[in-house]
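All chains should be modelled from the sequences, with the hints used to inform the complete structure.
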Amino acid sequence: MARQQDPLKLSARVDGAAREVEVVEVAPHIYRITIDGVEHAVDARTLRPGSFSLLIDQHSVACDVRTDGDKHRVDLAGRTIEVRLIDTLRHGGVAVETETVGGPQEIRAMMPGKIVTVLVAVGDAVEKGTGVLVVEAMKMENEVKSAGPGVVKEILVQPGQAVESGEILARLE
Amino acid sequence: MARQQDPLKLSARVDGAAREVEVVEVAPHIYRITIDGVEHAVDARTLRPGSFSLLIDQHSVACDVRTDGDKHRVDLAGRTIEVRLIDTLRHGGVAVETETVGGPQEIRAMMPGKIVTVLVAVGDAVEKGTGVLVVEAMKMENEVKSAGPGVVKEILVQPGQAVESGEILARLE
Amino acid sequence: MPSPKPLRRVLIANRGEIAVRIARACRELGIESVAVYSEPDRTALHVQVADFAYPVGPAPSSQSYLVVDNIIAAAKATGADAIHPGYGFLAENAAFARRCAAEGITFVGPTPDAIIAMGDKVEARKRMIAAGVPVVPGSKDTLRDDEVAAEAERIGYPVMLKASAGGGGKGMRMIPGKAELASALRAVRSEAKSSFGDDRLYLEKFVLGPHHVEVQVLADTHGHTVHVFERECSVQRRHQKVIEESPSPFIDDKIRHAMGEVAVKAAASVGYVGAGTIEFMVGADKNFYFLEMNTRIQVEHPITEMVTGIDLVQAQLRIAGGEPLPWRQQDIAQRGHAIECRIYAEDPVTFFPAPGKISLLRVPSGIGIRDDSSVYEGAEVTVHYDPMISKLVAWGADRDEAIRRMLRALAEYRIQGPGANIAFHRWVLEHPRFRSGNYDTNFIPQEYKGLPAAEDGADPSATAIIAAVVAMLERQDRSTGAKAPAQAQSAWRANARREAIHG
Amino acid sequence: MPSPKPLRRVLIANRGEIAVRIARACRELGIESVAVYSEPDRTALHVQVADFAYPVGPAPSSQSYLVVDNIIAAAKATGADAIHPGYGFLAENAAFARRCAAEGITFVGPTPDAIIAMGDKVEARKRMIAAGVPVVPGSKDTLRDDEVAAEAERIGYPVMLKASAGGGGKGMRMIPGKAELASALRAVRSEAKSSFGDDRLYLEKFVLGPHHVEVQVLADTHGHTVHVFERECSVQRRHQKVIEESPSPFIDDKIRHAMGEVAVKAAASVGYVGAGTIEFMVGADKNFYFLEMNTRIQVEHPITEMVTGIDLVQAQLRIAGGEPLPWRQQDIAQRGHAIECRIYAEDPVTFFPAPGKISLLRVPSGIGIRDDSSVYEGAEVTVHYDPMISKLVAWGADRDEAIRRMLRALAEYRIQGPGANIAFHRWVLEHPRFRSGNYDTNFIPQEYKGLPAAEDGADPSATAIIAAVVAMLERQDRSTGAKAPAQAQSAWRANARREAIHG
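In the order they appear, the protein sequences are chains A, B, C and D.
Be aware that the first sequence starts at 4, since it is given in our numbering, and climbs by one per residue.
Be aware that the second sequence starts at 4, since it is given in our numbering, and climbs by one per residue.
Be aware that the third sequence starts at 109, since it is given in our numbering, and climbs by one per residue.
Be aware that the fourth sequence starts at 109, since it is given in our numbering, and climbs by one per residue.
Hint data in this document are derived by calculation from the structure and do not stem from the laboratory.
For each residue, glycine too, the CB sits at the ideal point set by N, CA and C.
A couple of the hints might just be wrong.
[As the list claims (entries may be wrong)] Chain C is faced by these chain B residues, among others (derived, beta-carbon under 10 Å): (1) D18; (2) Y34; (3) R87; (4) G116; (5) V119; (6) V121; (7) V123; (8) D127; (9) E130; (10) K131; (11) E139; (12) N145.
[Stated by the list, open to error] 30 Å max Cα-Cα, derived DSS-like pairs, lysine-lysine: (13) K362/C to K148/B; (14) K301/D to K117/A; (15) K131/A to K113/D; (16) K394/D to K148/A; (17) K557/D to K465/C; (18) K234/C to K248/C; (19) K248/C to K117/B; (20) K117/A to K373/D; (21) K131/B to K234/C; (22) K74/B to K465/C; (23) K286/C to K117/B; (24) K148/B to K248/C; (25) K117/B to K234/C; (26) K148/B to K286/C; (27) K557/D to K131/A; (28) K148/A to K113/D; (29) K74/A to K465/D; (30) K117/A to K465/D; (31) K148/A to K465/D; (32) K234/C to K148/B; (33) K117/B to K362/C; (34) K301/D to K74/A.
Shown next as structure tokens:
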């Protein structure tokens with residue numbers, strides 16, 4: 004094509020790596036998307052909100068995407084890949100990391116359920132992977148493990164207590 | 004139940020017959036519906052707009068309903084039944100018929116398609132069931148028949164012409 | 109044509125359920141699949157299940173799926189080394205098969221010569237007579253409009269008017285007498301032209317009380333041909349198959365094997381390669397006549413797969429790749445019974461096509477149920493193509509179990525948006541004449557007088573009234589389109605709630 | 109218990125896919141079905157497919173599906189003359205079976221005595237030893253907390269700690285050594301109590317490199333017992349079956365028939381009636397030991413139905429109705445190969461249960477695919493019950509075809525809302541050790557190190573990035589939650605469109 008507008012520039016974070024993305028909309032639903040210099044012709048149709056049929060360089064791809072702010076959980080045939088898209092114009096080309104690095108660790112419930120046992124006491128030293136609590140949900144017991152080394156600072160629940168998904172169960176430092 | 008409010012009174016038209024209906028809402032989604040004096044306990048849940056799971060006197064019924072004004076097309080396991088509900092309080096207990104009875108007849112396209120042939124000419128007398136036109140749709144030819152006796156007054160289409168669903172093709176008198 | 113080599117990437121020159129079916133077979137064989145699509149088919153299911161997809165033109169098939177150059181261009185652009193034509197469209201177009209060969213693309217099907225020999229119904233009749241295969245008496249050749257009347261008189265009414273290029277129940281009509289000749293001639297010529305781009309016609313004697321029984325054959329490139337038993341296709345509406353079953357409840361093992369042998373002979377006589385179907389007309393006296401050969405995969409092939417365990421589409425791809433048939437005739441056996449119901453997007457009462465966007469779709473599943481579908485919830489059934497939504501198949505240890513299982517499945521089937529012929533299928537499966545297994549192609553014309561008002565015992569109108577009342581009230585819960593009566597009823601409801609609390 | 113009479117109306121004392129499965133079998137047999145439901149299950153699929161439905165209490169199964177009085181009351185209120193317990197819940201509760209008999213309701217299953225004899229694992233071991241059936245060495249009786257350590261030492265680590273009332277992979281844990289004893293004891297007792305209301309435990313020697321192979325049996329009320337061949341259930345995670353297949357690729361016909369004979373002997377020794385499963389542990393040396401008998405229909409029963417053509421749930425209902433088995437042992441044969449993948453609502457990476465409302469559901473279908481599901485689009489997968497969404501089954505003419513077909517189906521399976529273990533199943537089916545057919549119950553623990561980052565060749569992250577970009581832009585098309593960047597990009601898009609027109 005002879006003339007075209009400036010491409011939309013984005014920085015994509017996937018599997019920890021940062022990738023440079025440029026997007027040009029050629030026509031409605033037709034895009035030219037360049038990733039680290041590799042160009043892709045994309046025909047994108049929305050089947051319903053969050054559910055898409057893509058033709059990428061003639062490859063037919065069915066995918067479902069759950070979007071939360073700049074985070075996109077992409078489901079490709081049962082495989083989930085998380086992609087963060089940062090508008091580099093907006094951030095002056097610097098991708099801002101929001102994940103907490105280091106600092107006191109919070110142990111959260113991964114799902115709604117009931118506390119079966121607490122495996123540690125305040126003051127205990129724990130390794131990465133040490134079991135901290137056992138939560139029962141959907142008739143199965145699941146051990147909640149420490150994501151890193153630390154010392155138990157606070158335990159906020161007790162056996163038999165019902166907990167919500169994401170609820171803080173204990174704090175390490 | 005000791006006390007209760009006045010029931011909602013309706014007149015239902017189905018298969019040409021009129022039936023007296025009284026509705027009492029016992030609790031959210033729980034109704035007592037009386038049809039010609041026969042009482043039914045109904046637990047009704049909406050699965051999505053127009054799609055319901057009903058428990059009628061313990062019978063489990065799955066149904067889909069398309070509503071257009073006071074007309075309800077009810078799909079019961081692939082069988083479609085049309086029900087008109089008239090609020091008798093509103094109409095002083097008289098169900099108002101809106102279908103045209105007698106008078107000039109209009110021949111309409113039952114689906115989008117293309118006119119293949121016109122089988123009659125203006126002035127022709129037709130019987131109930133006489134073929135008036137042939138419409139092609141979805142690679143099949145369908146003969147559009149007269150719903151009753153009459154004389155062709157007007158033909159509004161010609162062979163090769165594309166027609167929309169519901170479009171008037173001819174008039175009889 | 110190029111010497112057979114294992115297929116690597118197959119372009120599917122079709123749409124709908126058969127394109128989905130072929131894409132699935134490719135994936136199961138580790139072969140890449142390429143879908144082609146017309147403009148309205150961009151989001152069709154067959155595009156989503158294929159590995160690649162390529163556009164071939166606007167909605168009318170005469171400008172897309174039927175355009176040889178567009179299909180070949182798509183194959184070149186996507187690097188396909190083979191083309192599977194499915195059924196209909198270019199499946200029985202010899203020129204297309206020849207073009208594929210010329211372009212060095214493997215055509216998944218028979219040779220152009222075999223297609224010509226069998227594709228032209230009049231040619232085929234001549235060849236079969238020569239091969240000693242019994243055929244129905246009829247006109248020696250194709251007929252001009254002005255010849256038809258005389259030939260019909262010669263053969264004697266009732267006669268069958270058929271498109272020479274026809275097949276799959278299309279482009280044919282029974283003519284009871286002189287009076288109906290003109291309109292039938294017009295209709296069949298136009299249908300033949302629009303469906304096959306070839307409006308040549310011929311006449312056959314109409315056999316009374318006929319059964320339509322067909323035999324599936326498979327032939328490899330090494331000279332081996334086997335039959336994969338029969339399908340009973342006598343449940344027809346306007347010569348359109350609606351329900352098929354295998355085995356046929358009408359014929360016994362003796363006739364079954366005799367027909368199988370004749371079918372193999374017929375296929376071998378034209379050097380047939382691939383999957384094909386020999387259609388027979390079987391009279392009440394159990395004499396059978398060759399009707400035509402369909403030189404492609406058949407719509408109703410799944411019932412054969414269910415009873416024999418043989419994947420016919422995988423077999424087509426393996427044969428096209430040069431593999432020999434892995435079975436001898438004696439290795440192939442029928443087990444249990446299978447029935448197929450074709451779910452059409454049509455008005456359940458008028459049978460008129462009823463396209464639309466699918467707003468709700470609940471497909472039955474579970475034991476013994478297979479659904480070969482072309483749609484998904486949210487898909488659009490358009491007016492441009494065949495009204496077939498899916499093929500519902502039930503397998504049972506015996507015929508009775510298969511019928512009862514199919515009735516169970518039909519009761520679970522829910523679709524909103526387009527119309528669907530679910531109730532009609534239930535009527536057929538519950539009909540004593542069908543249940544007895546002793547029915548012929550006159551079954552529907554003679555027995556069907558519209559759907560019965562009510563089902564045994566139940567009071568559907570009371571249920572319908574309750575459903576309508578619920579729809580009215582729940583709709584107001586969602587407070588959409590509130591109108592005068594709505595307000596009145598909402599007030600009544602508020603009152604009801606208050607009473608319920610204090611009462 | 110009442111003398112058997114044909115069943116007229118069956119109450120299904122269960123939920124989820126097995127309740128749907130049983131309702132389908134009832135409909136196919138012309139028997140009316142009654143669903144029971146807890147409060148959150150009012151709109152569950154099993155309620156919708158049954159003829160009748162009746163509430164039995166609030167969400168916790170201990171207050172609904174497990175309450176004998178509520179189930180009996182539901183049967184009375186709906187006029188059911190029989191109760192099918194499915195699996196889990198009250199299926200192996202002898203007191204419940206006895207109660208049914210006392211109330212004059214036919215219990216679709218074995219006699220209370222047979223349930224007791226087999227339901228109590230320690231009892232069963234004694235009975236089998238007496239009947240000359242080989243068992244795994246272990247503790248003679250159930251154990252108190254203070255006895256377990258000593259007994260474990262006596263048997264020698266590694267040992268298997270099992271709930272006496274356990275089954276279906278629940279209430280058991282392998283203990284490699286002394287250190288892990290305490291926590292395992294606590295966990296298994298609590299799981300046993302919550303799952304079976306009975307926390308008695310016992311110990312067994314842990315056989316190394318074991319295969320879990322089970323044999324299906326059917327016994328009628330006329331003293332005839334047959335086996336319906338085996339299922340290989342060695343793909344387990346945390347002793348939970350994930351994938352099963354039939355026939356077993358590990359054993360040969362000689363062992364197959366030997367196990368079948370032992371299974372029939374074991375069932376007959378307790379006067380078993382109905383459908384049951386004898387679980388065997390098969391060592392690397394191909395010696396097999398009786399593990400336990402499940403006196404109910406098994407989750408993985410469909411793979412047996414696919415290869416034998418026998419409807420096991422219909423068989424249960426016919427047997428309960430007093431019908432004799434229609435087959436002799438020699439009438440039952442395996443044809444082809446079937447595989448089942450259990451689709452769980454769990455996080456694909458952490459395997460933690462991941463309930464939720466199903467916002468999108470596209471279930472695979474077509475040739476050889478069967479899906480026994482408990483859900484539909486819009487249904488809620490709650491935290492209250494098992495996380496199993498459906499059982500996906502693939503049949504193939506041979507094991508390789510079945511595997512490739514299952515991979516095709518898994519690639520089509522789309523579900524949004526709850527998590528699902530689709531990717532895990534694909535990993536298993538693509539793993540060389542599984543493909544070789546030579547795997548034991550250590551397969552997952554030894555081989556699974558998390559899902560591989562990328563699939564062969566493809567660049568999933570590029571595809572994911574493109575999908576994310578599309579989601580971002582198309583989302584703004586629907587102009588939902590427009591925020592700063594959205595505006596920026598909309599401006600960019602408007603510009604793009606303008607350029608496209610003029611350019």
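Verification of the hints:
no. : hint             : result
1   : D18              : holds (6 Å)
2   : Y34              : holds (7 Å)
3   : R87              : holds (8 Å)
4   : G116             : holds (7 Å)
5   : V119             : holds (6 Å)
6   : V121             : violated (12 Å)
7   : V123             : violated (13 Å)
8   : D127             : violated (15 Å)
9   : E130             : violated (16 Å)
10  : K131             : violated (15 Å)
11  : E139             : holds (7 Å)
12  : N145             : holds (6 Å)
13  : K362/C to K148/B : violated (47 Å)
14  : K301/D to K117/A : holds (15 Å)
15  : K131/A to K113/D : violated (62 Å)
16  : K394/D to K148/A : violated (38 Å)
17  : K557/D to K465/C : violated (45 Å)
18  : K234/C to K248/C : holds (8 Å)
19  : K248/C to K117/B : violated (34 Å)
20  : K117/A to K373/D : violated (43 Å)
21  : K131/B to K234/C : violated (45 Å)
22  : K74/B to K465/C  : holds (21 Å)
23  : K286/C to K117/B : holds (28 Å)
24  : K148/B to K248/C : violated (36 Å)
25  : K117/B to K234/C : violated (37 Å)
26  : K148/B to K286/C : holds (22 Å)
27  : K557/D to K131/A : holds (17 Å)
28  : K148/A to K113/D : violated (55 Å)
29  : K74/A to K465/D  : holds (21 Å)
30  : K117/A to K465/D : holds (20 Å)
31  : K148/A to K465/D : holds (27 Å)
32  : K234/C to K148/B : violated (41 Å)
33  : K117/B to K362/C : violated (49 Å)
34  : K301/D to K74/A  : violated (42 Å)
The structure is inconsistent with the numbered hints 6, 7, 8, 9, 10, 13, 15, 16, 17, 19, 20, 21, 24, 25, 28, 32, 33 and 34, although it conforms to all the rest.
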